[in-house]
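Q: Residues in the sequence shown are numbered from 1 upward in steps of one, following the working numbering.
Everything labelled a hint here was simulated from the structure, so no lab data went into it.
Keep in mind the model is a prediction, meaning the values are calculated, not measured.
A few of these clues could be false.
Taking lysine to aspartate or glutamate and the DMTMM-like style, the derived pairs with C-alpha atoms no more than 25 Å apart in a straight line are [as the list claims (entries may be wrong)]:
id	residue 1	residue 2
1	K173	E98
2	K171	D59
3	K6	D59
4	K122	E167
5	K122	E98
6	K171	E98
7	K113	E167
8	K171	D111
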Amino acid sequence: MNLPNKLTLFRIFLIPIFVLVMLLDFNNKYLVSCIIFIVASLTDAMDGYIARKYNLITDFGKFMDPLADKLLVLSALITMTENNLVQSWMVIIIVSRELTVSILRAIAAADGKVIAASSGGKLKTISQMLSIVVLLLGANFSNSIMLFVGYILILIATLLTLQSGFEYLYKNKNLFMNSK
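Please work from the sequences and hints to get the whole structure.
A: And the structure:
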C-alpha cells in the first residue's frame with residue numbers, strides 16, 4: 001500500500017475520533033475537534049499531491065479518497081448540527097448533493113465512464129472545510145464574530161454545493177436521457 005493510500009486510510013481512521021470528541025462534553029472540545037479536522041483535511045491535500053507528483057494513483061485511491069472526504073465533511077456537519085453550530089437544512093442540502101453525485105458517478109461507472117471532480121466541486125469542498133474550521137474555532141472561543149463569519153461561510157458553501165450539484169447533473173444529463 002502506497003503513501004497516498006495510507007494517508008487516505010489515516011483520514012478515515014480520524015473520522016470516528018473526531019465524532020467522539022464532538023459528542024463528548026469537555027473544555028476545549030471544539031478546539032480539539034478542529035485540530036483533528038485540520039489534520040484530516042491536510043491529509044486530503046497531501047495524498048492527492050503525492051499521488052499525482054509520484055504517479056502513485058491507484059483504483060483504491062480514486063475510490064476511497066473522495067469517499068473519505070465526504071465522510072469527513074458530512075461527519076463534521078452532522079455533529080455540528082447536534083451541537084447547534086450548523087442548521088440542519090444546510091446539512092440536508094449538502095448530504096443530498098453528495099448522494100446525488102455519488103449515484104451519478106456509479107451510473108457512469110456502470111457505463112464505463114468516469115466523472116472527474118470539477119473545479120466547482122473542489123471549490124465546494126474547500127469552502128465546506130474552511131467554514132467548518134471557522135465555526136469550530138468560533139465555538140471554542142465563544143467568539144460571536146467568528147461564528148457569524150463561519151455562518152456566512154457555511155451559507156456560501158451550501159450555495160456552492162447546490163451550484164456544483166446542478167453542474168454535475170447538467171453536464172451528465174445524457175446518463176439519464178439515454179438510460180433504458
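Q: To test your reading of the hints: which numbers does this structure violate?
A: Checked against the structure, no hint fails, so every one of them is satisfied.
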